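Enquirer: Residue numbers (our numbering), protein chains in the order written: chain A, 1 to 137; chain B, 138 to 274; chain C, 275 to 373; chain D, 374 to 472; chain E, 473 to 591; chain F, 592 to 710.
Please keep in mind that the hints were generated in silico from the structure rather than gathered at the bench.
All figures in this text were calculated on a predicted structure; none of them were measured in a lab.
Be careful, since some hints might not be right.
What the hints assert, rightly or not - Okay, derived cross-link-like pairs now, DSBU-like style, lysine-lysine, Cα gap no bigger than 35 angstroms in a straight line: (1) F:K679 / E:K568; (2) E:K503 / D:K397; (3) D:K397 / D:K424.
Said to hold, decoys possible - Cβ-Cβ distance ranges computed for the label pairs, FRET-style: (4) E:K568 / B:G248: 33 to 41 angstroms; (5) B:E237 / C:K295: 40 to 48 angstroms; (6) B:L251 / D:A444: 33 to 41 angstroms; (7) A:E34 / B:E231: 25 to 33 angstroms; (8) D:E467 / B:K236: 33 to 41 angstroms.
We put the beta carbon where it would ideally sit given N, CA and C, even for glycine.
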Amino acid sequence: MGAVKLLFVVQRPPYKSENPRLALTHAIASQTAEIYMDEGDSVVPIVAFVGDGVLNAVKNQQAMKLYGVTSTESHIKNSLLIDMQIWVCKEDMERLGLKEADMVTDAEDLGAELKTKFVSYADIQKEMENTGHLLFF
Amino acid sequence: MGAVKLLFVVQRPPYKSENPRLALTHAIASQTAEIYMDEGDSVVPIVAFVGDGVLNAVKNQQAMKLYGVTSTESHIKNSLLIDMQIWVCKEDMERLGLKEADMVTDAEDLGAELKTKFVSYADIQKEMENTGHLLFF
Amino acid sequence: MKLAVFLSDWRRTEDTYERLKADKLGVILVGNGIYHAVIKENGKESPILSKAGASFYVLSDDLETRGFTAANVNSKVKVIGYGDVVDLIMNDYEKTAWL
Amino acid sequence: MKLAVFLSDWRRTEDTYERLKADKLGVILVGNGIYHAVIKENGKESPILSKAGASFYVLSDDLETRGFTAANVNSKVKVIGYGDVVDLIMNDYEKTAWL
Amino acid sequence: MGELTIGVFSSLVGSMSLDFSFKLAEAAMAKGHKVNMWLSGNAVMMAKKGQKPFKDYSHNQKRMMDLIAKGLAITVCEACAEARGYHKEDTPEGMKRASMDWYLAKTVKTDRLLHIGGE
Amino acid sequence: MGELTIGVFSSLVGSMSLDFSFKLAEAAMAKGHKVNMWLSGNAVMMAKKGQKPFKDYSHNQKRMMDLIAKGLAITVCEACAEARGYHKEDTPEGMKRASMDWYLAKTVKTDRLLHIGGE
Numbered sequence: 001m002g003a004v005k006l007l008f009v010v011q012r013p014p015y016k017s018e019n020p021r022l023a024l025t026h027a028i029a030s031q032t033a034e035i036y037m038d039e040g041d042s043v044v045p046i047v048a049f050v051g052d053g054v055l056n057a058v059k060n061q062q063a064m065k066l067y068g069v070t071s072t073e074s075h076i077k078n079s080l081l082i083d084m085q086i087w088v089c090k091e092d093m094e095r096l097g098l099k100e101a102d103m104v105t106d107a108e109d110l111g112a113e114l115k116t117k118f119v120s121y122a123d124i125q126k127e128m129e130n131t132g133h134l135l136f137f
Numbered sequence: 138m139g140a141v142k143l144l145f146v147v148q149r150p151p152y153k154s155e156n157p158r159l160a161l162t163h164a165i166a167s168q169t170a171e172i173y174m175d176e177g178d179s180v181v182p183i184v185a186f187v188g189d190g191v192l193n194a195v196k197n198q199q200a201m202k203l204y205g206v207t208s209t210e211s212h213i214k215n216s217l218l219i220d221m222q223i224w225v226c227k228e229d230m231e232r233l234g235l236k237e238a239d240m241v242t243d244a245e246d247l248g249a250e251l252k253t254k255f256v257s258y259a260d261i262q263k264e265m266e267n268t269g270h271l272l273f274f
Numbered sequence: 275m276k277l278a279v280f281l282s283d284w285r286r287t288e289d290t291y292e293r294l295k296a297d298k299l300g301v302i303l304v305g306n307g308i309y310h311a312v313i314k315e316n317g318k319e320s321p322i323l324s325k326a327g328a329s330f331y332v333l334s335d336d337l338e339t340r341g342f343t344a345a346n347v348n349s350k351v352k353v354i355g356y357g358d359v360v361d362l363i364m365n366d367y368e369k370t371a372w373l
Numbered sequence: 374m375k376l377a378v379f380l381s382d383w384r385r386t387e388d389t390y391e392r393l394k395a396d397k398l399g400v401i402l403v404g405n406g407i408y409h410a411v412i413k414e415n416g417k418e419s420p421i422l423s424k425a426g427a428s429f430y431v432l433s434d435d436l437e438t439r440g441f442t443a444a445n446v447n448s449k450v451k452v453i454g455y456g457d458v459v460d461l462i463m464n465d466y467e468k469t470a471w472l
Numbered sequence: 473m474g475e476l477t478i479g480v481f482s483s484l485v486g487s488m489s490l491d492f493s494f495k496l497a498e499a500a501m502a503k504g505h506k507v508n509m510w511l512s513g514n515a516v517m518m519a520k521k522g523q524k525p526f527k528d529y530s531h532n533q534k535r536m537m538d539l540i541a542k543g544l545a546i547t548v549c550e551a552c553a554e555a556r557g558y559h560k561e562d563t564p565e566g567m568k569r570a571s572m573d574w575y576l577a578k579t580v581k582t583d584r585l586l587h588i589g590g591e
Numbered sequence: 592m593g594e595l596t597i598g599v600f601s602s603l604v605g606s607m608s609l610d611f612s613f614k615l616a617e618a619a620m621a622k623g624h625k626v627n628m629w630l631s632g633n634a635v636m637m638a639k640k641g642q643k644p645f646k647d648y649s650h651n652q653k654r655m656m657d658l659i660a661k662g663l664a665i666t667v668c669e670a671c672a673e674a675r676g677y678h679k680e681d682t683p684e685g686m687k688r689a690s691m692d693w694y695l696a697k698t699v700k701t702d703r704l705l706h707i708g709g710e
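One chain only, chain A, in its complex shape:
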């Protein structure tokens, strides 16, 4: 089968449900899925935040300090560190009054080279068409 693309689409804010966090941890698990796959197979995930889902990518989340729970910010940074693509919908940021300076733009503090991509909804729609399977959260 070769490489299968998976698009994880997060449509809702963090902390009301566990599911936005699980979108990230499931996508990250693509790194270790080889043990269950045939030689040469792989999965290539992209996590895209759309609608109110962009609130997951607001920076400076203090979830660990205040509730002892890993923040979605931290999961996004871990994703960038393993070169997993993180997309955030620009139109939705603008609608909610969020600027790039308010968002997790990179994980340079962890040594990651990949940066968050701020994309238009049209880019996400195009990726929905190209991807093997869709996973909405």
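Let chain A serve as the given structure and place chains B, C, D, E and F on it in line with the hints.
Expert: What follows is chains B, C, D, E and F alone, placed relative to chain A:
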């Protein structure tokens, strides 16, 4: 303390969450709460359906036949049977295009004398003011 | 793409549905999504049903669980069973999206 | 009545809040309700904050968990801690309603 | 000092309303109030011993045990627990199981009720 | 005949999306399709033996056991289970526990994926 009034307000439709059903089962439990109370104390519940919560009181629910789960209709009928007041907001029924003929109006088949009361929101607001505690679902 | 979208909520908390495009789009109403097929709020049919070019389906088990029958369903929407849902997923569409 | 209302959602699925009346009304934004205190969707403040005569509060723990601080909060809303929530419930209001 | 009764229906991992409830109970007890808690619906997920404190998931067991030691009265809905496969022997030390009438009865004498009936 | 993989994240009692998933799996298997199921988030509530079949609560254990006997491949997220206090010895017969990569790997060869990522 004597009798304490409790108003259970169900604001959301059935089957998306267990909670509208739990509103009814908790209210019904007022019948047996005496064992935990002092002599002369009692709780008097009313369950009011407002907003999309009125969808809980639509009749002919086939939840038992199709999913093996007691319907909210059945819990409403059991409530009437033990003389527990069931209120349904008229304005919300009208907004959703529901007529009294579409609703659980009584539990005569079980031998209940009490009937569902179709009330205006103003009646529910008034009861909120009179009641000891509010329980929103 | 040929996409089967599942809607399971009455009051929706996403706006993805309005933006989604597909060459062939099927909308399957399940769970509390069935209210879109039967309720006319303030006399108007659900805006869900105005998606251009889409085919609409409602799961009869979930309809009847909530006290409605095929007689209540908007004429744009076809009433189907679990077996039909399987066929739509496996034969008629390539991808699914549960919103 | 003196009523403390808790809002814990951003996209709400009830319309009780708009209809509720109280002689003294406190609105406590917790969980994802905090977004009403900090987000201006399409440049407009949340309609939640236009309830006449109400006092508005937001829980700082839930604000900071989501990446916001007191500096982002609408001037109509007071930032409070858990101890303040206790005092509001026990001293300032008689009844509570978690919508 | 007063008496506060908190009823919660939200799941262990999800909305964080359970986390909120325990932090509120802690703050209320620190001010000298008596606190009762009723866990029903998905909140009965607290009625299972041995929950691992991973950082990716809400974990309230430790705070709950500390509060029970300080006098928190906490009871879970017995039927809701059994339906989820939690039996008597799964119940954490100091937590009671009862039917819903326990909660109803508490509303009679409590000064305030905070009923968290949504997720 | 094809292969269908269903991923579910919804709780046992609540939205009835789990009930939907098992009925869909049953219908697909009746038509001769192979079905894989992945339970994560609150759907790991299925990973607890001995759930009592009360009529007031969704009960999927019986249907699940029947489908497993007929060849349903079902795996739950191990960390999600442990965080809720479900250990290896709690797991129903025939259900596997694994980390999330099991699900990811299934997406490679499956003909269709139905991912139910909300409550």
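Enquirer: None of the hints should be skipped; say for each whether it holds.
Expert: Here's how the hints hold up against the structure:
The suggested pairing of F:K679 with E:K568 holds, with an alpha-carbon distance near 26 angstroms, which does not exceed 35 angstroms. For the suggested pair E:K503 and D:K397, the alpha carbons sit about 24 angstroms apart, so the restraint of at most 35 angstroms is met. Distance restraint check for D:K397 and D:K424: the Cα-Cα separation of roughly 12 angstroms lies within the 35 angstroms cut-off, and the hinted pair is therefore satisfied. For E:K568 and B:G248, the Cβ-Cβ distance of about 36 angstroms falls inside the hinted range of 33 to 41 angstroms, so the restraint holds.
In this structure, B:E237 and C:K295 meet the distance hint of 40 to 48 angstroms, their C-beta atoms being roughly 43 angstroms apart. B:L251 and D:A444 have their C-beta atoms about 56 angstroms apart, which leaves the hinted 33 to 41 angstroms range violated. Taking 25 to 33 angstroms as the suggested C-beta distance range, the pair A:E34 and B:E231 does not conform, at roughly 59 angstroms. For D:E467 and B:K236, the hinted distance range of 33 to 41 angstroms is satisfied, since their beta carbons lie about 38 angstroms from each other.
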